[in-house]
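A.B. asks: The chain contents come next:
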Amino acid sequence: MGAVHIRNLRKVYRREAQQVPVLDGLSIDIAEGDFVALMGPSGSGKTTLLNLIGGIDQPTSGEVVVSGTDIGRMKGGKLAKWRSRNIGFIFQLYNLIPVLTAFENVELPLLLTKLSKKERREHVMASLGVVGLTDRIDHYPRQLSGGQEQRVAIARAIVSDPALLLADEPTGDLDAKSAQEILTLLQRLNKEFKKTIVMVTHDPHAAERASRLVHLDKGVLEATPATAAAAR
Amino acid sequence: MAIPFSYNLRNLVVRRTSTMAAALGIGLVVAVFVLVLALAKGFAFAVQSTGLETNAIVLRKGSNAEITSGIEREIAESIAVRPEIAKDESGAAMVVAEVVTLVVLPRNDGADVNVTVRGTAGDRVLGIRTNVRLAAGRMFKPGLREIVVGRSISDRIRNLGLGDAVVFSRQDWKIVGIIESGGTGFESEIWGDAAGVQDAFRRTGVFSSMTFRLTDPTRLAALRTELESDPKYQVTLKTEAQYYADQAGSLSALIGILGTLITVIMAVGAVFGAMNTMYAAVGARAREVATLRALGFRRRAVLGSFLLESTVLSAIGGAFGCLLSLPIDGITTGTMNWDTFSELSFAFRITPQILGTGFVFAIAMGVVGGFLPAVRAARVPITQGLRQI
Chain A
453 MGAVHIRNLR
463 KVYRREAQQV
473 PVLDGLSIDI
483 AEGDFVALMG
493 PSGSGKTTLL
503 NLIGGIDQPT
513 SGEVVVSGTD
523 IGRMKGGKLA
533 KWRSRNIGFI
543 FQLYNLIPVL
553 TAFENVELPL
563 LLTKLSKKER
573 REHVMASLGV
583 VGLTDRIDHY
593 PRQLSGGQEQ
603 RVAIARAIVS
613 DPALLLADEP
623 TGDLDAKSAQ
633 EILTLLQRLN
643 KEFKKTIVMV
653 THDPHAAERA
663 SRLVHLDKGV
673 LEATPATAAA
683 AR
Chain B
20 MAIPFSYNLR
30 NLVVRRTSTM
40 AAALGIGLVV
50 AVFVLVLALA
60 KGFAFAVQST
70 GLETNAIVLR
80 KGSNAEITSG
90 IEREIAESIA
100 VRPEIAKDES
110 GAAMVVAEVV
120 TLVVLPRNDG
130 ADVNVTVRGT
140 AGDRVLGIRT
150 NVRLAAGRMF
160 KPGLREIVVG
170 RSISDRIRNL
180 GLGDAVVFSR
190 QDWKIVGIIE
200 SGGTGFESEI
210 WGDAAGVQDA
220 FRRTGVFSSM
230 TFRLTDPTRL
240 AALRTELESD
250 PKYQVTLKTE
260 AQYYADQAGS
270 LSALIGILGT
280 LITVIMAVGA
290 VFGAMNTMYA
300 AVGARAREVA
310 TLRALGFRRR
320 AVLGSFLLES
330 TVLSAIGGAF
340 GCLLSLPIDG
350 ITTGTMNWDT
360 FSELSFAFRI
370 TPQILGTGFV
380 FAIAMGVVGG
390 FLPAVRAARV
400 PITQGLRQI
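Residue numbers (this note's numbering), protein chains in the order written: chain A, 453 to 684; chain B, 20 to 408.
These are computed hints drawn from the structure, not numbers from a lab.
Even glycine gets a Cβ: it sits at the ideal position worked out from N, Cα and C.
Please note: incorrect hints may appear among the correct ones.
[What the hints assert, rightly or not] For lysine to any residue, the following SDA-like pairs were computed, each having C-alpha atoms within a straight-line distance of at most 20 Å: (1) A:Lys527 to B:Pro400; (2) A:Lys566 to B:Arg319; (3) A:Lys566 to B:Ala320; (4) A:Lys569 to B:Tyr26; (5) A:Lys533 to B:Ala397; (6) B:Lys257 to B:Gly323; (7) A:Lys527 to B:Lys257; (8) A:Lys527 to A:Gln544; (9) A:Lys530 to B:Gly323; (10) A:Lys530 to B:Lys80; (11) B:Lys80 to B:Ala240; (12) A:Lys566 to B:Phe24; (13) A:Lys570 to B:Thr149; (14) A:Lys569 to B:Ala397; (15) A:Lys527 to B:Thr402.
[As the list claims (entries may be wrong)] Counterexamples of contact, computed for chain B against chain A with all Cβ distances above 10 Å: (16) Val32; (17) Val33; (18) Val51; (19) Ile86; (20) Thr237; (21) Ile276; (22) Ile284; (23) Thr310; (24) Phe316; (25) Arg368; (26) Thr376; (27) Arg398; (28) Thr402.
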């Protein structure tokens, strides 16, 4: 079984008396080491799918197996613990904690482990080294550029060494140059560090960096053509 | 694992204006609460510490206060020779038969108040009431219309300084001495010679009470049984300490009840203030909370984190309130003692225990005010929180 195995996934939101189906019987497999770009129009269910893979939302029905664990029926503290060990999240707006320094932000996931302070420091510095920001450890998010903030967020996502990174429009709030840097970094994490990456994006140029492109429309998969990057 | 404390602390600093506003609200409530407790404590101290365990007081049966008591001279004389009464170095019985009455005098602020006048024995009273001392001047002499006045009342009532003369019962009384007793009720009294006071107030032949030093305080119970069961005496007997403790009870309790009521009403306001601040904090940080939970922090870690933040907020308020109340410590005020119908001066007494109580009260307000917002923070679905801009 690959990194992600999804079968007959349905997600229906309740809006007052109405039921709004977002994902409708979706099935997909994502292999370990894949770099998947999820594209589709607004409201197509991309972010919902990402959230379900990341265990921050619950499916209405269907099977969601991630890294060998069926998380579809996991709840509460057990699911939180699973997330902390298996998933690295990268958000469009970086979602750094503004009152914590870059170092402290990256350290956050490690507070959920049994690592000593010294070990945590080593891990944080290694992660910030990967994203090239060891000279910014004492900076607060407001003292960083957008690109730097996203790199800190990526360092936070990889610090506990999860196999799967989920990126929700990671370049959506960045200028073109910073966006390229972030995409290059994601590609490096995929190729060099063997991270499986699922990236939601509206940007076709960003999607080209992925090894596989998945189109979603109205909660249904359209096709999964190989991308230019995969072809290379 | 808990969310780091620095996260909460720095958030309080970042939101310093709303933090200070909420802390100020809690601080003011704590200050009022501490002052109420200090007021009740000061009043209770003034009254309770007036009496000594080694002394006994005799009142008419059924009387709770000297002002409503009356003991015939013959009864007083027969009690005065009891063997349970200690004798001084000269062999004289350490007993005073006293007459207590009230005069109306103007306070410094112009208001008329009742002041206790105690007719006693100038040559013996300080030997029996060892908690009272002559601070200035000399003791009054019998037959000369002389009086000594308590320090508190001297400071609070017009023309009651050493050397002044005061008029009551249409007679001039010269103040020849100032007495002090560490802030007890005696500092709110005027003392003169018993015969002179009896004569001035037409109370000849009747005393209000008798106070005497016991040879052995453990013999009080037996003496009480004997005197109270003998129909000839028609008196009641208790230690002087118990007598004043009983007096403190009603008003001290009333101050406590009224003060607590006011404090509770204010506390409700402060709790809502803290709640509002914490709701605002939760609302503004929904995305942060969702991010923390996405990273793997549990609901209870979020709940604990916001409760801790609210508690720190209230601790700041509590410390501020305690500091705010400190300058009031020792300031003298006065009130009508409803048992004696006379003005009683006493000082606010802020003790470490009262400050501790005030601080705990602040923490309680923080926990109560922070609980619902903390629950809300913990319950916001991650996906909903992440959508917040």
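A.B. asks: Against each hint, give a clear statement of whether it holds in the structure.
C.D. replies: How the hints compare with the structure:
Taken as a hint, the A:Lys527 and B:Pro400 pair is honoured in the structure, with Cα atoms around 12 Å apart against an allowance of 20 Å. With a CA separation close to 19 Å, the supplied pair A:Lys566 and B:Arg319 stays within the 20 Å bound. Taking the CA atoms of A:Lys566 and B:Ala320, the gap is about 16 Å. The hint holds against a cut of 20 Å. Restraint check: the Cα-Cα separation between A:Lys569 and B:Tyr26 comes to about 17 Å, which is no more than 20 Å; the hinted pair holds.
Pair hint A:Lys533 plus B:Ala397 holds up; C-alpha atoms about 16 Å apart against a cutoff of 20 Å. Only pairs whose Cα atoms come within 20 Å are accepted, and B:Lys257 paired with B:Gly323 is rejected, the gap being roughly 55 Å. A threshold of 20 Å between alpha carbons decides the hint, and for A:Lys527 with B:Lys257 the separation of about 70 Å lies outside it, so the pair is violated. In summary, the hint linking A:Lys527 to A:Gln544 is not supported, as the alpha carbons are separated by about 26 Å, beyond the 20 Å threshold.
For the hint pairing A:Lys530 with B:Gly323, the CA-to-CA distance comes to about 18 Å; that is within 20 Å, so the pair holds. Our distance criterion of 20 Å between C-alpha atoms is broken by A:Lys530 and B:Lys80, whose separation comes to about 75 Å. The hinted pair formed by B:Lys80 and B:Ala240 meets the criterion: a straight-line CA distance of about 16 Å does not exceed 20 Å. At roughly 18 Å between alpha-carbon atoms, A:Lys566 and B:Phe24 fall within 20 Å of each other, so this suggested pair holds.
A C-alpha spacing of about 68 Å is found between A:Lys570 and B:Thr149, which places the hinted pair above 20 Å, so the restraint is violated. Under the criterion of a C-alpha separation no larger than 20 Å, the hint pairing A:Lys569 with B:Ala397 is inconsistent with the structure, at around 27 Å. Using a Cα cut-off of 20 Å, the hinted pair A:Lys527 and B:Thr402 holds, with the two alpha carbons roughly 14 Å apart. Against the 10 Å criterion, B:Val32 falls within the reach of chain A, whose nearest CB is about 8 Å from its own CB.
With a least beta-carbon separation of about 6 Å from chain A, B:Val33 fails to lie farther than 10 Å from that chain, contradicting its non-interface assignment. The non-interface label for B:Val51 is consistent with chain A: the shortest C-beta to C-beta separation is roughly 33 Å, beyond 10 Å. Even its closest Cβ contact with chain A, about 65 Å, leaves B:Ile86 beyond 10 Å, as expected for a residue assigned away from the interface. Taking the minimum C-beta to C-beta distance to chain A, about 65 Å, the non-interface status of B:Thr237 holds against the 10 Å cut.
Remark: the non-interface label on B:Ile276 is consistent with the geometry, its nearest Cβ contact in chain A lying 44 Å away (cut-off 10 Å). Non-interface status of B:Ile284 relative to chain A is upheld: no Cβ of that chain comes within 10 Å, the nearest being about 35 Å off. With a cut of 10 Å on Cβ distances, B:Thr310 falls inside the contact zone with chain A, its closest approach being about 4 Å. Separation of B:Phe316 from chain A is inadequate, the least Cβ-Cβ distance of about 7 Å not exceeding the 10 Å criterion.
In this structure B:Arg368 is separated from chain A by more than 10 Å, as the shortest Cβ-Cβ distance comes to about 42 Å. With a least beta-carbon separation of about 33 Å from chain A, B:Thr376 lies farther than 10 Å from that chain, consistent with its non-interface assignment. Look at B:Arg398: its CB is around 12 Å from the nearest CB on chain A, clear of 10 Å, so calling it non-interface holds up. A beta-carbon of chain A comes within 10 Å of the beta-carbon of B:Thr402; the shortest separation is about 5 Å.
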